[in-house]
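A.B. asks: With the sequences and hints as input, model every part of the structure.
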Amino acid sequence: DVKVTQSSRYLVKRTGEKVFLECVQDMDHENMFWYRQDPGLGLRLIYFSYDVKMKEKGDIPEGYSVSREKKERFSLILESASTNQTSMYLCASSSSSTGSGNTIYFGEGSWLTVV
Amino acid sequence: QQQVKQSPQSLIVQKGGISIINCAYENTAFDYFPWYQQFPGKGPALLIAIRPDVSEKKEGRFTISFNKSAKQFSLHIMDSQPGDSATYFCAARIGGGADGLTFGKGTHLIIQP
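Protein chains in written order, with the numbering used here: chain A, 1 to 115; chain B, 1 to 113.
Just so you know, not all the hints are guaranteed correct.
Straight-line distance between alpha carbons at most 25 Å, and here's what the computed BS3-like set of lysine-lysine pairs gives [as the list claims (entries may be wrong)]:
| # | chain 1 | residue 1 | chain 2 | residue 2 |
| --- | --- | --- | --- | --- |
| 1 | B | 105 | B | 57 |
| 2 | A | 13 | B | 42 |
| 3 | B | 68 | B | 105 |
| 4 | B | 5 | A | 3 |
| 5 | B | 58 | B | 68 |
| 6 | A | 57 | A | 71 |
| 7 | B | 105 | A | 57 |
| 8 | A | 53 | A | 71 |
| 9 | B | 5 | A | 57 |
| 10 | B | 5 | B | 68 |
| 11 | B | 58 | B | 15 |
| 12 | A | 55 | A | 70 |
Don't read these hints as lab results, they were simulated from the structure.
C.D. replies: This is how it looks when you write it as structure tokens:
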């Protein structure tokens, strides 16, 4: 089974802190994504990466950055956390191979509270 | 901006009934339409998906109906069970999917026993 692992499930951080959310996938997928999920707003794409060291902005990149130094690992960084970044963050991955159907697989989420 | 509009926001169905969730899209370049199911405390998981060259796809009690001319697609859950209670998201994608999915805002489904 595909496994996308988000190491931190629940975090509480103070305003202004730098926050790292880590994600690892074990299926050698080329594509990785960070989404944010808020009630009534669905899932919104923050950043995505289609290769090591490559990154592209999604729909809501402001206040976030990402790092992909290894194929299996994709990190989301909040340089200076703010209360409006309190949310659930979902990491996901998919293969670029069309034969796989390009299914996107999600981790179980990281609940971040900024106080 | 690419959009996928999902309705209703919440839905209560009696056990054994049919649950229907609808989505509409604007961008005709979308070529893949998945539905995801999410239980509390878990990440979304792919439930069923369809491509625009077919009008219907069925997997067990779950069916996607697709209307290309109307730019609409819907999820039907037959014989709904309490275990189907979850949040459902429709989504759409262009091309190979390297830039991810565009999601609807979700439907919170409750199946009453």
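A.B. asks: Which hint numbers doesn't this structure obey?
C.D. replies: Of the numbered hints, just 4 does not hold.
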